[in-house]
Every structure is written in structure tokens, then in C-alpha cells.
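> The chain contents come next:
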Amino acid sequence: MHSTYFLLTAYLVIWAGIFAYLLATGRQQRRLAQRLEILEQRISETEARP
Amino acid sequence: MKPLPRNPEPILTLCTALLLAAALYAVFLHAPAERVMGLVQKIFYFHLSCALAAFLSFTTACAAGVAYLVSRNLKWDILGAAAVEIGLVFTTLVLATGMLWGRPVWNAWWTWDPRLTTSLILWFIFASYFILRSAVEQRQRRATYCAVMAIVGFVDVPIVFLSARLWRSIHPVVIKADSINMAPAMVTALLASLAAFTALWVLLLQRRVRTLALAERILTMEHRLDREPALSTERK
Amino acid sequence: MAAADHLEIAGLCKDYEGCRALCNVSLRLEQGDFLALLGPNGAGKSTLLRIIATLVLPDRGSVRVRGADLAEDPERFRRRLGFISHHGLFYDHMSAQENLVFSAALYGVADPPARAEELLRRVGLHHQRHRRAATFSRGMRQRLSIARALVNDPDLLLLDEPFTGLDRQAASLLGEQLLLLKERQRTIIMVTHDMERGLAMASRVGILARGRLVFLEQRQRIDPATFGELYHAATSGGRVS
Amino acid sequence: MRIAWLVIRKDLAAELRSPQAMVSMLFFGFLLLVILNVAVPAGARVAPETGAGILWVAVTFAAVLGLARTFDREKQNRCLEGLLLSPLSPEALFGAKMAVNCIFMGISQVAILPIFFILYGDGFLHAPVMLALVLLLANTGFSATGTLFAAITAGANRNEALLPMLFFPLVMPLIAMAVKVTSMIFAGAGPAEYGSWLQVMAAFALIFTGLGFLFTGRIIRD
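Protein chains in written order, with our numbering: chain A, 1 to 50; chain B, 51 to 286; chain C, 287 to 527; chain D, 528 to 749.
The hints are simulated quantities; they were obtained by calculation from the structure and are not laboratory data. Note that CB positions come from ideal geometry on N, CA and C, so glycine has one too. Fair warning: there could be bad hints in the mix.
Stated by the list, open to error - Ranges between beta-carbon positions, derived for each pair:
1. G297(C) with A16(A): 51 to 57 angstroms
2. R274(B) with Q317(C): 52 to 58 angstroms
3. H2(A) with W162(B): 21 to 27 angstroms
4. Q29(A) with V561(D): 48 to 54 angstroms
5. G648(D) with R417(C): 48 to 54 angstroms
What the hints assert, rightly or not - Listed below are the simulated DMTMM-like cross-link pairs for lysine to aspartate or glutamate, each with C-alpha atoms no more than 20 angstroms apart in a straight line:
6. K468(C) with D439(C)
7. K602(D) with D439(C)
8. K125(B) with E187(B)
9. K602(D) with D378(C)
10. K468(C) with E447(C)
11. K125(B) with E272(B)
12. K602(D) with E542(D)
13. K468(C) with E316(C)
14. K602(D) with E618(D)
15. K125(B) with E384(C)
16. K468(C) with E503(C)
17. K125(B) with D345(C)
18. K468(C) with E294(C)
19. K125(B) with E266(B)
20. K602(D) with E187(B)
The task is simple: from the sequences and hints, build the whole structure.
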């Protein structure tokens with residue numbers, strides 16, 4: 001019975017690990033999207049000028 | 051500038067999810083419990099799958115390193131960085147699950163078994179890849195250094211394994227002995243989880259490549275906007 | 287001694303950090319040409335020189351010397367190459383003489399000590415030859431670095447802003463040596479933003495702006511009086527493509 | 528070959544004049560031997576494994592200090608550029624620097640070993656020739672890997688701390704094997720028992736020398 005805890009922990013670790021990684025990469029993606037937005041704004045501003 | 055290729059993520063995500071569900075079903079409901087080790091043996095399926103994903107990552111990183119050195123095209127550097135990153139995640143999982151398996155089965159969290167030792171040193175080598183990455187500013191130089199690091203690290207792995215084998219030659223090769231007399235349902239479960247993790251690996255890799263490529267493009271455009279006097283605007 | 291005749295540069299491109307440092311630069315030089323490359327900061331002048339010197343690999347394009355691609359046998363090409371920048375390229379812990387002997391040996395000069403001796407006299411460091419370079423004054427260091435660059439009697443001499451920061455004595459010494467090399471039909475490429483000096487010494491003048499070679503002409507056909515305007519138009523105004 | 532020899536001679540002469548690398552390697556090696564003596568209970572004899580471990584900690588940490596200085600002198604006045612502008616090929620440069628590092632390590636070990644035997648007992652002194660062979664193989668592997676990564680860290684920003692972090696994970700198998708063989712020698716085992724280890728060590732040295740020659744050109748030029 002004791003060994004079942006290890007089994008559960010192992011699967012928990014795998015899912016938690018993958019989930020945490022996805023979370024971290026998702027956050028990076030969002031930050032990038034923000035930067036992209038600012039960038040697009042800057043570009044449209046410069047194009048508006050002669 | 052090239053448009054990014056169409057996002058294949060939804061289909062891939064769906065496939066991965068289905069495969070993972072199938073693998074979970076096969077592991078927990080289809081495959082029988084192992085007689086000696088009991089339920090804890092079920093760690094093995096996903097543990098080995100993580101190891102496969104890690105191996106795929108580092109092989110990809112090495113191949114990408116070679117491709118970069120030959121072509122000097124930065125897209126290979128991005129692929130390499132993404133692969134090492136994912137490889138590091140999966141190696142961490144391999145080490146963690148390995149310890150959680152070893153504690154009940156071998157009655158020790160850690161033994162200097164060749165596989166364990168190799169995984170640990172591999173983890174160190176590729177963690178240092180990121181330290182190197184963050185320490186080099188200049189883009190092409192960083193790519194070259196990292197490509198060399200990935201190749202050298204990959205070449206080092208068999209030597210690590212060989213030396214670890216010589217180091218503790220008494221240790222039985224646990225996993226191999228298992229897989230030979232595995233029940234057919236166990237083989238099914240193993241194959242299902244291997245397939246699921248390969249799909250997961252592909253999903254993660256293409257996701258990371260896209261993100262890193264996007265980051266690269268944004269950085270370039272910011273540079274360009276800052277540099278070109280004709281296009282510059284006031285930054286707030 | 288066989289001199290390197292024409293240097294042929296074809297379609298050189300180089301990106302740095304996603305920005306164009308060089309874009310499709312092509313040019314040919316005859317033996318004995320003295321090319322002054324002008325251009326504002328960041329125009330790609332140094333990059334071009336460093337590619338010719340095989341210090342940097344181009345992304346695209348080739349450099350050929352007497353028909354042979356540099357990438358194929360760079361070591362042999364460098365045997366006949368000289369390079370002067372504002373970095374001394376000599377060792378502080380060695381004496382002037384040791385530095386020159388080492389360089390001469392590196393280039394496979396027949397009798398390194400004799401060559402070092404000759405150069406020390408030429409740049410006026412002979413009486414100080416046993417002093418460590420670290421103890422040299424600025425002007426002496428500059429003269430030592432000129433001597434170092436001439437150690438192999440180069441067929442092709444590359445100069446990266448050689449006159450900036452030189453004191454009067456060193457500048458006139460460098461000028462003399464350059465004229466000497468020019469008389470002996472050596473090919474020289476000098477990157478500078480000093481327009482007057484470029485026009486005074488060169489046989490051809492080129493302007494590099496934003497990584498492109500926007501102007502290239504024989505010196506005789508340039509009118510110094512109007513060149514300033516021309517330079518301004520070429521570098522700031524439009525992209526001449 | 529001739530040209531690589533020039534660079535070796537220049538570096539050795541510079542070291543002879545002001546032995547910066549040597550002093551730091553020796554000082555640190557001695558220091559480690561003394562510090563690690565704390566781990567040994569007073570009056571107790573050290574087991575061969577522990578002794579070998581202590582010796583190799585001192586040797587490798589001293590070595591990395593020397594390796595970190597590989598390109599130090601080439602950085603003043605951009606002398607590295609000067610070498611790259613000369614007919615010297617990057618491969619010859621790598622060979623020269625690797626040889627210099629190997630020589631420095633050898634000299635430092637000649638001084639560290641007697642101190643080790645004084646502090647930890649001369650009962651270990653069994654097969655000096657075999658010990659020298661182990662040191663030679665390890666030095667070759669260390670200097671090949673170390674020179675390659677010294678070239679990399681010379682182009683990076685925080686290079687003092689960077690080299691050990693890149694270097695140690697890669698040479699870990701080499702250190703492990705060296706410790707193992709040394710402990711067997713200390714325990715009085717014959718060459719037949721550790722012959723296969725020496726082969727793997729030689730293979731490591733060979734592979735990394737090859738990789739060094741292969742990659743130095745690209746590393747230095749980018």
C-alpha cells in the first residue's frame with residue numbers, strides 16, 4: 001500500500017512539471033504579444049508620418 | 051519577412067490529449083499490476099516515456115547544432131534552444147520519477163547506477179547550456195557557442211555512460227530484465243505512453259520554436275526601429 | 287616578390303543582430319591602388335575590412351585575391367596581409383624588440399631579429415628596444431603598432447581609422463610609410479572619416495553608407511571643392527541603389 | 528607546427544617572466560590539500576578512495592584556474608586578433624594553447640603531489656609511473672576540453688565564473704575515472720585491473736582533442 005503513494009507522487013510530479021512548464025511558456029508568450037502590440041503601434045506611428 | 055507557418059497547434063493538441071488519455075487508460079486499467087513490485091511499477095511507463103522525450107530533445111539539439119554550424123542560419127539555433135529547454139524539463143521529470151521509483155524498489159532515493167548518473171550529468175551539461183546562452187550577448191556568437199556546446203555535450207553522453215558502467219559494474223540492469231518478460235498488456239501500455247509523450251514532445255517543441263522565433267523577430271524589429279533614424283519615434 | 291594584384295570583392299552581405307551591416311558590396315582594386323573608404327559611423331566600413339582580413343565570415347559573397355577565394359586558403363593570404371587599427375596588437379609584457387621578433391617569426395620572415403632591428407630604426411624606437419611595451423608612452427605604442435603591421439612587408443594593407451588618436455609624430459610617420467608602400471605598388475585600403483586626409487592620399491575614393499557602397503570613383507575625377515556636398519548627399523540623403 | 532611552437536614558446540616565456548597562472552594554480556592546490564585535511568580525523572589513516580578523491584579535487588580545481596587564464600594575455604591590445612591576422616591557423620592556435628595548458632598542469636602537479644604525500648601519508652606511493660600516466664591522460668583530456676571552453680568563455684561576458692560551470696559537467700566522467708584508477712593504484716592494484724579505465728580516459732582525451740580542433744576556428748571567428 002505504501003508504494004502506491006510513490007506511484008501517485010510520481011504521476012503528480014509529471015503532470016505538475018509539464019503544467020508548470022506550459023504555464024511558464026504561456027506567460028512568456030503573453031509578454032511577447034504585449035511587446036508585439038507596442039511594436040505595431042510604433043510602426044504605424046512612424047508610417048503615419050511623412 | 052516571411053510569414054510564420056500556419057499554426058498546427060489545435061490538431062496537435064487534440065492528438066496529444068487523445069493519446070495521453072489512451073496511455074493513461076492502458077497504464078492504469080489495461081495493464082496488470084506487476085507481481086514483485088506491485089503498483090509502483092506503473093511509474094515505469096511514463097518514466098521511460100519522459101526519458102525518450104529527453105533523448106529526442108538532445109538528439110535534436112545536437113543535429114540542430116551541426117545544422118547551424120554548417121548553414122549559419124539562426125533558425126537552427128532557435129530549434130536547438132527549444133530542444134534543450136524541453137530536454138531539460140523532461141530530464142528533470144526522469145530524475146524525479148526515477149527517485150520515486152527507486153525509493154520503494156531499491157530502498158534508496160539515489161544510487162549511482164549508470165543510468166541515473168548519466169541522466170544527472172546530462173542534466174548538468176544541458177543546464178550549463180543555458181548559463182552559456184545567457185552569458186553571450188552577440189547573437190551569432192551565441193548561436194555558434196551554443197551549437198558547439200550542444201554537440202560536445204551530446205558526444206559526452208556515451209562516455210559518461212561507459213564510465214558510469216565501469217564505475218559500478220555490479221549493479222543489475224533493472225529495466226532491461228523487466229522488459230523482456232513483460233506481459234503483452236504491459237507492452238501495449240508502454241507503447242501507448244511512448245507514443246503519447248512523443249506527441250507531447252512534438253507539440254511542446256513546435257510551440258517553443260514558434261515562441262522563440264517570435265521573440266527573435268520582435269527583438270530584431272525593435273533594434274531596427276531604434277537604429278533607423280528615418281523611422282525612429284520618441285519612446286515613452 | 288610577387289605582389290597581390292587585384293582584389294575582387296563580390297556581393298558581400300553581413301547581418302549583425304538582424305541589422306544589415308553590409309549589403310551587396312562589390313568592388314575591384316588593381317595592384318597599387320590606394321582606396322580611401324569614407325562613411326559615417328555604423329556604415330559597415332570596419333565590418334568590410336574585417337571580412338577582407340578574414341576576421342569575420344561574410345553571410346554571403348566572396349573576396350578573391352588574384353583569383354583565389356580567400357575562404358579556401360586564408361592562412362596563405364594572411365602571410366601577405368597587414369592590418370592597422372587603433373588596437374596595438376602587441377604584448378605589453380614583452381619588449382618592443384621581442385614583440386617584433388615574435389611577429390616576424392609568426393609571418394615566417396627570413397631573419398626575424400634583423401627585420402625587427404630594421405623596423406625599430408624605421409619607426410625610431412631603436413634606442414628603447416629593450417623596454418617593455420607596457421612602459422611605453424602613447425606615441426611610442428602607436429609607432430610600435432605601425433612597425434608590427436609592417437613586419438611582413440604586406441602586399442595588401444588594411445587600415446581601420448589609423449589616424450584617429452595618433453600624435454603628430456606618429457601620424458607623419460604613418461603617412462610616410464604609407465607613401466612608401468604606395469610607391470612600391472602595394473594595395474592599400476584605408477577606412478577613415480577624415481575626408482581631407484582620404485582625398486589627399488588615395489588613388490580611389492569610396493563611400494559606404496548603411497552597408498552599401500554608394501560611391502566609388504578615381505581620385506583624379508573628384509573635385510575636392512564639391513566633394514563635401516557629394517559626401518553629404520550620399521550618406522544622409524537617399525539610398526542610392 | 529613551427530608556428531604553433533612559436534606561440535607555445537611565447538606563452539612559456541611570459542609565464543617564466545611573471546608566473547601568474549602558475550602561482551595561482553599552486554597556491555590554490557596547496558590550499559585545497561590543507562583545507563580538505565579537515566575531513567580527516569586526527570591520527571587516522573585515509574582510505575585509498577578518499578585520498579584519491581582529495582588529490583583530484585586539488586588537481587582539477589588548480590587546473591581550472593590555469594585554464595581560465597588561457598586567453599588572458601591575448602586579450603590585452605587585442606593580441607588574439609593579431610594572431611588571427613597572422614598565418615597562424617586556428618587549429619594551430621588551439622594546439623598551442625592546449626599544449627601550454629597541459630604543460631602548466633603537469634608542472635603544478637609535480638609540486639602538488641609531494642605535498643599530498645606529505646600530508647596524507649606516503650603509504651599511497653605505489654606505482655609512480657602509472658600515476659604519472661593517469662595524470663598525463665587526465666591532463667590531456669582536461670586541457671582539450673578546457674582550451675575549447677576557454678575560447679568560448681573568452682568571447683562571453685562573465686567569463687571567470689563561466690568556465691568552471693561549463694567545464695566541470697563535461698569532464699565529470701574523466702574525473703570519476705581518474706579518481707577510481709588513482710584509488711586502485713593507491714591500494715596497490717596492478718595495471719591489469721584498471722587497464723580498461725585508462726583506455727576510456729585515452730578515448731576521452733582523443734575525442735575532445737578532435738572536437739577542439741574541429742570547432743576552434745568557428746568559435747574564434749564568430
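> Now tell me, hint by hint, if it's right for this structure.
Each hint, compared with the structure:
1. G297(C) with A16(A): 51 to 57 angstroms: 54 angstroms Cβ-Cβ, so the 51 to 57 angstroms window holds.
2. R274(B) with Q317(C): 52 to 58 angstroms: violated, 40 angstroms
3. H2(A) with W162(B): 21 to 27 angstroms: At roughly 25 angstroms between Cβ atoms, W162(B) and H2(A) fall inside 21 to 27 angstroms, so the hint holds.
4. Q29(A) with V561(D): 48 to 54 angstroms: For V561(D) against Q29(A), whose Cβ atoms are near 53 angstroms apart, the range 48 to 54 angstroms holds.
5. G648(D) with R417(C): 48 to 54 angstroms: Hint holds: Cβ distance 51 angstroms, inside 48 to 54 angstroms.
6. K468(C) with D439(C): Answer holds: K468(C) to D439(C) is near 12 angstroms, not above 20 angstroms.
7. K602(D) with D439(C): violated, 25 angstroms
8. K125(B) with E187(B): Answer holds: K125(B) to E187(B) is near 17 angstroms, not above 20 angstroms.
9. K602(D) with D378(C): With a Cα-Cα distance of about 11 angstroms, the restraint between K602(D) and D378(C) holds, given a limit of 20 angstroms.
10. K468(C) with E447(C): Given that 20 angstroms is the threshold and the Cα spacing comes to 18 angstroms, the pair holds.
11. K125(B) with E272(B): holds, 19 angstroms
12. K602(D) with E542(D): holds, 16 angstroms
13. K468(C) with E316(C): holds, 12 angstroms
14. K602(D) with E618(D): holds, 19 angstroms
15. K125(B) with E384(C): Roughly 46 angstroms between the alpha carbons, so the hint for K125(B) and E384(C) is violated.
16. K468(C) with E503(C): holds, 18 angstroms
17. K125(B) with D345(C): holds, 14 angstroms
18. K468(C) with E294(C): With Cα atoms ~19 angstroms apart, K468(C) and E294(C) stay inside 20 angstroms; holds.
19. K125(B) with E266(B): holds, 10 angstroms
20. K602(D) with E187(B): holds, 18 angstroms
Checked against the numbered hints above, the structure violates hints 2, 7, 15; every other hint is satisfied.
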